[in-house]
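Sequence positions in the sequence shown follow mature numbering (1 follows the signal peptide of the UniProt record, and there is no 0) and run -16 to -1, 1 to 519.
For the record, the hints were derived by calculation from the structure and aren't laboratory data.
Worth double-checking, as some hints may not be accurate.
Claimed, not checked - In silico BS3-like pairs for lysine-lysine, Cα to Cα no more than 25 Å straight-line:
no., residue 1, residue 2
1, K197, K353
2, K59, K197
3, K285, K491
4, K126, K285
5, K197, K126
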Amino acid sequence: MRVSLALLVAVPYVHAFNVAPPRVNPLSFVDKSFTSTPGLTLPRRWSPFTPNTALRSSELGDNKDDQIGNTGKLKTQLYGSRWFQLGMLSFLALISDWVCFSTASSPRTFEAVYNHNAEFLIDIFLYSNVFSCFFVTDTVLKLGMEKSIKGAASLMLFGCLLRSEGYISSLFNIGDGITPYNVVVLGTILVGFAQPFFQCTPPMLSAIWFGSKERALSTAVALNANQIGIATAFLIGGSMCHGTDSASMMSYFGLITVACAAVTATTLVGFKEKPPLPPSGSEAKKLALNEKEPPFFQSAKQLLSNKDFYPPLAAFVASITITNIVGAFIDEVMERGGILEQQAINLAGAGFELAILVGGIIIGGYVDKTKEFKRSTLVTLAVTFFLLFPLGLTEHQIGKEPMLVLVSLFGLGFVAGPIQPVNAELAVEVTYPSDETAVESTQQIFGNLISALMVPLAAKAARLDFEIFPTFPGPDSELSGIIASDVRGDVCLLSSVALLTYLFYMKFDAPLLRSIDDCASGDDEKACEVAVVEQ
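Full structure from sequences and hints, please.
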């Protein structure tokens, strides 16, 4: 099936920085030298935060003695409940993309029941998604993360209830047991509008709840949880929906609603705004500054005026574009490799999405420990470039190679997927102390819009074949054409995206401003090693 992914919902290393003072002075701190960390020299006018900075009583809470130690330093603490907060946000993201791709593995059943193309349902979901991205930042600023997430979860549940109206009515023997098409569309729009609240807030949740050595990992888990939602749609949808049986599809929609209700109820009970104490020195500094974040459009303008924001943005867009398009055309990709059985295709699609999550956890954890954002991103982009070709390459002497296609597909998910969440964290690093939700909303908008533009281009390019090495090593040689092959145009298009992003990213050189504050507060010794800025 050809899914028109209009829009959907990431690793750099900077060993040394050579940056002029104005570039590293977003807060215009007074001149002050910082020498508590040997070998770390910061530009003039950059004053890293030290935990001696006193917070207002409203920020510390009523019992300041519990939050300030005997030395007068602000305490930071990690709470075990942070994993529950991450889990809730991740499960909400999972459910939302399960809804989005609920009919991707059973388009024939949906079209038989409603006489409408399943692609439109995905398109309308994703257009609702990008529209909502413009409102997430301001909503979170006004209501706070807790109320925003709980409200979006409730909206998603209401959308799921609308979609499963046919299943619910069948339980009471009311009506024909089929949800009207317009009601399905309305419910899908509501879930699509709710989804950005789960996609744009992971960097904010990581900053509020997680320490400096965990942020890339936590962001990767939350951002890539939607891939498990897609995998779930392939596995469960493909097994539950049968032919033209409308009852099987209504039962499938009902199962999604039950899962959504369980996750939403848990979220309403247990999701919290923030911990009693900040998890890191950089987050403590933001609390101490107590600056009011500007509205989204003003934040986006500030971000886009910062040249250091563009390399992480480019990597984020490349990652989301490549993984979206490969996932959207998974049927064709597998058929090129000789995999024709639908169940095998569904399993391959689920494996690809699972590889994205596993890669995000492993590579994100590595980046947390090493802070090698740039080097890791360049390596994963390079590997992505080479792994794309087997997905559209046919070697004439060998023919189709299913095993090579599967290994390449899973490897591609493992390296290309993590580029997105890790560069979301990098964007927060280099624009610190900007609003994390505004950063991610801006990246999501660009990623989704460019993916939308690339999908029809990829569909057209997929119909083109380019023959390579047709007469190698020579037209008169007995071995002429021994390695003759042809490659599909869509693979060439995606490979060019990876290559151009790699070349653009090579020149990236910016200070990790948030890591500098984590170093200054003594939270992360590794940050002191990598966040070196010369005068």
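Numbers of the earlier hints that this structure fails to satisfy, in rising order:
Violated hint (a single one): 5; every other hint is consistent with the structure.
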